[in-house]
Amino acid sequence: MNTSPLDDKEITRELWQSRIPICFLLSEEDKSKVNRSETPEPFYLMLSRHLYFPCIIDKISRYYSTYYKENLTDSTNNISLHNLWLEYESIPLKWHYPIGVLYDLYTSSLSSTSSCHLPWQIIVHLSKFPENELIRFPDKETIEAHYMTTLKEADALKHKGQIIGDMQKRDHKQLWNSLFQDKYENFWNINMKLMSYTDNLQYFRYIPFRIYILDRVFIQKLFSPYDIEHDKWMTLNDLIQFSLNHEAQCERLSNEKEILNINIKDYRIIIHGVQPPLHTPIQWLSEYFSYPDNFLHICLVEKRM
Amino acid sequence: MEWKQIIYNQLRERHRQEQDIYSEIVKHYNRLIENYSIILLRCTEQERDILSLRQENTDLQKNSVSVAGLPVNDKVKTLEHDYMKAKDEILTLLRERGDITKEVISLSRIVKERDDKLDSEEKKNQVLTKENTSLKQRLDSAEEKLNALQRVNETIHDEFQALHLAYMQLERRQQELDATNAFLRREMTEKLDKQCNALDEEVQQHQKRIEEDVKRKLDEAKNDVTNSNSTASITTPTSSTSMFRSSNLDGKIHRSPASDFMKVVVPTRAITKWDCGDNELHAIQFHPSGSLIATGGSDRKIHIWEMNTSNGQVQQSYVLTGNNSTVTAIDFDNEGNNLILGCSEDFACRVWGLADQRLRHTLTGHGAKVFCAKFITASLIASGSQDRTLKLWDLQNRQCVRTLFAGSKCHDLVAHDASGSLISGHFDKKIRFWDSKNDSTKCELQLQAAITSLAINREKHLLLACSRDDTLKLIELRENRVIQTFSHDDFKVTSDTIKAVLSPDCAYACAGGNDGSVFIWNTSTGKIEKIFNKEHSTIVNAVAWHPEGRFIVSCEKQRRAILWGE
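Top to bottom, those sequences are chains P and R.
Start counting the first sequence at 1; every next residue gets the next number (full-length UniProt numbering).
Start counting the second sequence at 1; every next residue gets the next number (full-length UniProt numbering).
Same shape as in the complex, but just chain R (with noise of 0.2 Å):
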């Protein structure tokens, strides 16, 4: 290992050489180099204070000296210039500062205006914006609709056009099926045509055979009986002497007497007493054949009763419904058609058929109540009301075909003849005849009292009215004038509706009273031939007389209706 050895040494030379002798001269040459540095600084700072020193030196020197001299005043003199004039250009600085800062504070208003202008314009813009954005949203929406709208439009259309197709369709089976009916309905009036001439011709052979055989009956009857009444004639055979044949339901044939069965009596005893209805009784009325007797009340329901008139008992037979109020009358139709007719107080009139109990026909138009109604002929009635018209109805166009105008509530009414022509009573003290051809009272005549019944006798020749002056007048309808006046002591007329009936025969007049009683007047002679004044407990409202004349019946407000006869 000599090698290392000889490096080593080499070293230790080398260190020997290089750092030894250099290392404490470099160390000392260094320390004197910052002494020296440190000391030139002092050197010169001292230098410094003592150019400054000699510098105040001279000054002061030069001071002490030049106190009084010229020199020194031109020296203050132009100190105090260059004074003055460096206090005036500080002025005149302060002056442009406070210029200057006098625009810095507008400018910077102005730019606070602007900023707040921004500002606003912004928020303005803002706004815009959203009401851009909630307007496309509503545009969206309406277009949406719209399309929604659109799209429903179509279907509607599309359905439309089926719809027309189906309705065409529709239309020409409707005129297929027209045509068929109305060939069908040709053939069967056709058939009817002969019908109806065939029913014709067996009735006028039928009506041959009657009329030859009553007239055989005349012949025999006038050889037999002398009759009193004169003028109870032989009237029109259509009315009295024909007799008509129609079935009911319950198989009976109801039909209307010959005048030589009329045989008037006047009753002595009430025969049958019967309480009909659940409230009062303001209408009773014989069928014309005298088989039924039919009453009304404010039970709204027009009984028919069924009467044998053998021996004068009463059963009910049905009950007739329709009427809304009181049944103030009750009419039946004499020509044979099996009508009744019933008006009441809920402003109408009303007309069953008695075949088949069935309500015909309702005919409203009065304002007020309906007081009275007769037929005139099957297809004529007429009515009077409280709202002070008379009415005229047909019964096949089922209208009103006049309204004559009284100007009084009228109480009842008769028919004069079958044109139209009426007679009618009313609350002030007139009655009216009117003329079928037009609408005007042909004349009037006064009474004492008001009107509340009118009765006209079968020749149509005999008016009996009943007034509240507690008489009854019977007016001849020639000359137009009272001829009798029946009147009683304990005859009252106290309510508007008493109805006042004559006999079949005009014999006789019959009247129900305040107090029950039923009273009959002579027509001729004019004295009271017969009062019923046990029987009745309440006012008697109606009084009707059996056609055939053997009977009477009445019905009083408490429900009662009382069969007379003998």
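So here's chain P without its partners, still in its complex pose (with noise of 0.2 Å):
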């Protein structure tokens, strides 16, 4: 795609440097049980909107556990720091999905403004785990091993996997390691290769992307950026439309209740919190707009009446 890279590097650059404003509120039943005199102070923090929530967890365990000193290890109130687990508007978080994602997701489907809800106030459980719905948070070693599973799943969409094969572990390393430190020049230096094109191709083979609606599981669809046959670039209403389609023709064959809704001009679609216009290239969008992990999540969050 012919573009200014000027323009392009302060695109990305400017994702890098997202933040978003979290609060941690302590959960009521928490508090009472709290060992000292003082209940805990709410806990702000930002954070940015490509890492995930376990990456920050030291600090939260740390600031808490101030306040739970004895508790911590007595199982008759189950407070624990293993029991940790994150709430907002009694959604348990999945910790799995970056946290732009989370709070676009949620943030603007449940509210009825748009940007009235920061900074984003999440509720810090101790006890009560819900082992139904969640995982638990995991140490700093799996969510590395699911940052390069997703990679690496990306890479095999674009180039069948070629090049984060050829990559070596010192360059998967540094990958995550600039993400996790935020260094963005170390990122950007290996996720270069990763944006080239292999094959002869002008564009990557599929596009990686995820899109995700309320109470839905994600979708997730093979999508060539580049029309053969009407010899175009694919926007990203294609995408969607696409992918909503094919989605529901899925539900329809297998008998489900309820048909997802396939009309784009019902949904929002928002992409790193913003609503890029609908006739953007995918294929630029794959390239410059996606997460770290190379993914182009989508949310759709449908319009409000």
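Read the hints as simulated data drawn from the structure, not as lab findings.
Among the clues, some could well be false.
[What the hints assert, rightly or not] PhoX-like mimics (lysine-lysine), calculated; alpha carbons at most 25 Å apart, straight line: (1) P:Lys232 / P:Lys257; (2) R:Lys460 / R:Lys429; (3) P:Lys59 / P:Lys173; (4) P:Lys183 / R:Lys27; (5) R:Lys460 / P:Lys59; (6) P:Lys183 / P:Lys193.
[Unchecked claim] Looking from chain R toward chain P, a few residues come up when the C-beta cut is under 8 Å (computed): (7) Trp3; (8) Ile6; (9) Arg14; (10) His15; (11) Arg16; (12) Glu18; (13) Tyr22; (14) Ser23; (15) Ile33; (16) Asn35; (17) Ile38; (18) Ile39; (19) Cys43; (20) Met84.
Note that the Cβ used here is the ideal one computed from N, Cα and C, for glycine as well.
Dock the two chains into a complex; use the hints.
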């Protein structure tokens, strides 16, 4: 895609520097079991959109451990860091989504107004872990493995996994470490390779993307960014239309009760907290607007009537 | 590219809304929280300090108030009481601790003992296993040996079987051969018998002829000759008048002469002198035919010399060997079998055949030197030796048939008759007469000195004994008394084996002396007849008279033998 590289770099830098203010509040029932006379104050953090919650779990646990010094090992109260889970408006937050995705999906859909829910207030629970809905927060190695898996999946879609396979383990490590330590240059040095083309194509083979709709499993389809028959670049509109249609068809075939609404106009399409125009070429979006795991995480939020 | 611009603008707007407003606030808020927590910490510490100080304060106040008060004393007493109790507890605990440590020590000792036992048991076990393995090895080797031995045994058994079979076969063959042998022998004996019978007849005829011839000649001689020595009666024809014919290897025939050819003459001069042997000469003897002389000495050989009776020349015929030591005496058999007997100092007597010069018999059995031996018959020999016994030997069985214990060294013996009665002369001055039927002496004759030689005449009634008292004694055998004594001043008997002889007609007695002279006495007068003292240089050991009476031969110690004649 022939775009002015300066703009692209600005955009990617902008994306990298995105932060969300989050306020962690301790749940009421856990507040009552605090060991000290003072109740814990709310805990504010500016978190990057493309990180994952387990990355900051150390900070959270350290903060709350001071309040629960003796109780943390007491199993009768079920207060323990092992049982830590996050909740927003009574929805337990999945830890393997990037923070930005979670924010866009839940805050935009649940609240009426678009921007008056900052700082994002998340409730921290230290007990009554919802075993049915969540898996416990993992450690850093697990989150790294999840990130790498997603990255490989993306590359498999884009280049049949050739580029990620040719890269050395050192580069893999560097990707994750620069992501974790917020080093833009180091990250994009290597990510550049992943954005290159193979097989004499001017585009990716397939676009790695996921579409998130509230209360649904995410949608992922095979979609090529270039229409060879009609010799034109596919746009965001095409992608979403195609995916919705395909998904609805699948649901019909399997006799689902509620069929997906395939009218795009009923949705707001949010990526990275912004609504890009629908005629944006999807190839460009995949190259420059993906998350660090090389996926386009698209949130579809129903417009309130 | 307006979509890009739209996106960019949206991003900027978002940034402003989400980030700019809140970042500073959050930062400041976090800092406030930190400060707050620090202050809280300090506050709690200080509260604790205050509490403790207040506590101390109240304590001090209490102490200052109740210095003299009873409650204080009670407190002190209670404190003291508590203190004592605590001390007691400590003591008991210490004692318990000591006991426990003792128990620990004893238990550890027990454990060590057990360990030692275990070690020793293990060592024993090792030793036993080693023994076991060695015993197993020995057992294996023994089994191997056993197997090998069994195998060897089997092979030996097989070999034995084979050998047994071969042996059976050979036995059978031998039996067959024996049968054929016996058969052949029978045939041979039959043939020999026939031959002998034929020979006997021939011989008898021949004898008859000869007898007639001799009778004729006797008749003639009676008419011519007056024989002074009437005692020289015509003896039984078997010994002196019989003529035997036996052929030698050299073809000569030796005959014993008839008695009427005997003409005893005292020799006058030495006819021949010769050296015989290498060493001393001890024995000399004439063959009954008179043509052979046998000498024997310390060269261990018996030399046979041929004598020409006409001119008295002597030449060596042959040598008989076989003795291992000095020859002490020689005797010819006078039955015509042409045997010569020599006895030597190697404790044995030997018989040779003159015809083939072959050693026929060796008679051993004496325990010391054999001094004398005589033919009694052609198959019976008597020998006397230094071991004080006399032995009678049977030539056919080649065995000693009788041993007579004389009690003294026997220096010489003569045969009295053909049945085996002997006369022997001994070192203890006795002449013993032995009976042929029993082993005891018939009678003994005591002389003055040891007897060195005996000689008996042909008619066997006169005995000449030479003794060490330098005399010769003539003994009459019918009365057993000395009838004559011969002596001379120069006649000295210095050796135990000096031989003296009678002439064939008993007219003269001859002996050799110490200084080399040969003495001849007249037996009837007792006077010395002749002395030859110039020829021999050393002691004359033995003399012999020619059977026909014309010659005397003497041998001296220094190898020289001299033939005396006229």
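The hints, checked one at a time:
1. Restraint check: the Cα-Cα separation between Lys232 of chain P and Lys257 of chain P comes to about 37 Å, which exceeds 25 Å; the hinted pair is violated.
2. For the suggested pair Lys460 of chain R and Lys429 of chain R, the alpha carbons sit about 21 Å apart, so the restraint of at most 25 Å is met.
3. Between Lys59 of chain P and Lys173 of chain P the alpha-carbon distance is near 23 Å, which keeps this suggested pair within the 25 Å criterion.
4. This hinted pair checks out: Lys183 of chain P and Lys27 of chain R have alpha carbons roughly 20 Å apart, not beyond 25 Å.
5. A hinted pair counts as satisfied when its Cα atoms are at most 25 Å apart, and Lys460 of chain R with Lys59 of chain P does not qualify at roughly 169 Å.
6. Of the supplied pair hints, the one linking Lys183 of chain P and Lys193 of chain P holds, its CA atoms being roughly 17 Å apart against a limit of 25 Å.
7. Satisfaction of the interface hint for Trp3 of chain R is found here, the shortest Cβ-Cβ separation to chain P being roughly 4 Å, below the 8 Å cut-off.
8. A distance limit of 8 Å between C-beta atoms decides the matter here; for Ile6 of chain R the minimum to chain P is near 5 Å, and the interface restraint holds.
9. Hint status for Arg14 of chain R: holds, given a least beta-carbon distance of 5 Å to chain P, under 8 Å.
10. The interface hint given for His15 of chain R holds, since its Cβ lies 7 Å from the closest Cβ of chain P, which is under the 8 Å cut-off.
11. Interface restraint check: Arg16 of chain R against chain P, minimum CB-CB distance 11 Å, threshold 8 Å, status violated.
12. The beta carbon of Glu18 of chain R comes within 6 Å of a beta carbon in chain P, closer than 8 Å, and the hint placing it at the interface holds.
13. The restraint placing Tyr22 of chain R at the interface with chain P holds, with a minimum CB-CB distance near 4 Å, inside the 8 Å limit.
14. For the restraint placing Ser23 of chain R at the interface with chain P, the shortest Cβ-Cβ distance is roughly 5 Å, inside the 8 Å limit, so the hint holds.
15. The interface hint given for Ile33 of chain R holds, since its Cβ lies 6 Å from the closest Cβ of chain P, which is under the 8 Å cut-off.
16. Checking Asn35 of chain R against chain P by beta carbon gives a least distance of about 12 Å; that is not within 8 Å, so the hint is violated.
17. Annotation: Ile38 of chain R was flagged as interfacial toward chain P, and the flag is violated, the nearest CB pair being 11 Å apart, outside 8 Å.
18. For Ile39 of chain R, the interface hint is violated, the least distance from its beta-carbon to any beta-carbon of chain P being 11 Å, above 8 Å.
19. With a cut of 8 Å, the hint placing Cys43 of chain R at the interface with chain P is violated, because the nearest CB-to-CB distance is about 10 Å.
20. Given hint, Met84 of chain R at the interface with chain P, is violated; its Cβ is 39 Å from that chain's nearest Cβ, farther than 8 Å.
Hint compliance for this structure: hints 1, 5, 11, 16, 17, 18, 19, 20 are broken, all remaining hints hold.
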